[in-house]
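Top to bottom, those sequences are chains A and B. Here the working numbering is used: the first residue of the first sequence is 1, the next is one more, and so on. Here the working numbering is used: the first residue of the second sequence is 1001, the next is one more, and so on.
Fair warning: there could be bad hints in the mix.
Each computed DSS-like pair below joins lysine-lysine, with the alpha-carbon atoms no more than 25 Å apart [to be verified]:
hint: 1; chain 1: B; residue 1: K1051; chain 2: B; residue 2: K1036
hint: 2; chain 1: B; residue 1: K1036; chain 2: B; residue 2: K1056
hint: 3; chain 1: B; residue 1: K1036; chain 2: A; residue 2: K9
hint: 4; chain 1: B; residue 1: K1036; chain 2: B; residue 2: K1057
hint: 5; chain 1: A; residue 1: K57; chain 2: B; residue 2: K1036
hint: 6; chain 1: B; residue 1: K1070; chain 2: B; residue 2: K1057
If you're looking for bench data, these hints aren't it; they were derived computationally from the structure.
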Amino acid sequence: DSGVTQTPKHLITATGQRVTLRCSPRSGDLSVYWYQQSLDQGLQFLIQYYNGEERAKGNILERFSAQQFPDLHSELNLSSLELGDSALYFCASSYTSGSYDEQFFGPGTRLTVL
Amino acid sequence: GQQVMQIPQYQHVQEGEDFTTYCNSSTTLSNIQWYKQRPGGHPVFLIQLVKSGEVKKQKRLTFQFGEAKKNSSLHITATQTTDVGTYFCASEAISNFGNEKLTFGTGTRLTIIP
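Isolated chain B (complex conformation):
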């Protein structure tokens, strides 16, 4: 089935540095969602991208959907300790029942060095 590959798996950055995680697919994606999971917590929805080339911002977070809708990125400017966590992308896949379901990438775990 369709899969999204997420890189890197781990990222350690100094506080104040930027951070980017990428999701890549071999097939065209209809949409992409991003979730954040804090250590010890549960995944929380951040945003959804649907249109080709779409860019959305949430304060220091910038989300981008590729022109070909085969990749997406999440960029955090000037990281803070509150950004610690694992970031997952998720996109539509076809289930064994023939309908669509959301499938999650492997996640990027971000740690911040104070």
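So that you can see chain A by itself, here it is in the shape it has in the complex:
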């Protein structure tokens, strides 16, 4: 158990819909990262927040957005869903915002778009 929690574990929805994925970082961690992992693919970095502020952005689509709240939990919003958005979405957390801290990954949310 990494200490990072993600809800829901599974999500099945239809094209065109909007969903929200939730992540609670490890106690004390200030950075939250979102990754997308499609079948047989690597980890595609989406976005990072540090202490409530956006810190780095990867290949995140305009249909996707995220935020980190004052209690440091984060939400990833995916809208106008397409079949290709089906993937495993991981949240990770670390204490600082830099690249020297190990990242602790949550169990992931498996999104299926039908």
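Since the structure of chain A is provided, determine the placement of chain B on it from the hints.
Coordinates of chain B only, in the frame set by chain A:
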């Protein structure tokens, strides 16, 4: 942006054989981290290398950082079925905000033939 290339993408070995995965970069890396993701699981941090030529061992796993800090390797001696999974390297890259972030390689999926 800076990218690390990881090879091979897949590796099938007989149980008891050795296994090696490599990460290569065209630019000097400040650090490199290794993660393991078991099938159906989430990535878990294994180790971080920072110094040129650094070698670290964890039981049957040996991690090495190249002298020029442009490549790294993970070697597993006498593989066991518990070694099955995908191994990712990750290193620092500069984000669109100008600060550093961790970027993951494409991963090497290891399968063991009993």
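Just to be careful, I want the Cα atoms of K57 of chain A and K1036 of chain B compared with a cutoff of 25 Å; is the pair within it?
holds (24 Å)
Is K1051 of chain B within 25 Å of K1036 of chain B, Cα to Cα?
holds (21 Å)
Measure nothing beyond the straight line between the CA atoms of K1036 of chain B and K1056 of chain B; if it is 25 Å or shorter, mark the hint as holding.
Roughly 16 Å separates the two Cα atoms, so the pair holds.
For the pair supplied as a hint, K1036 of chain B and K9 of chain A, is the alpha-carbon distance within the 25 Å limit?
holds (20 Å)
Regarding the pair K1070 of chain B and K1057 of chain B, is the alpha-carbon distance no greater than 25 Å?
Given that 25 Å is the threshold and the Cα spacing comes to 20 Å, the pair holds.
CA of K1036 of chain B to CA of K1057 of chain B, is that 25 Å or under?
holds (15 Å)
Consistency with the previously given hints is maintained throughout, with no hint failing.
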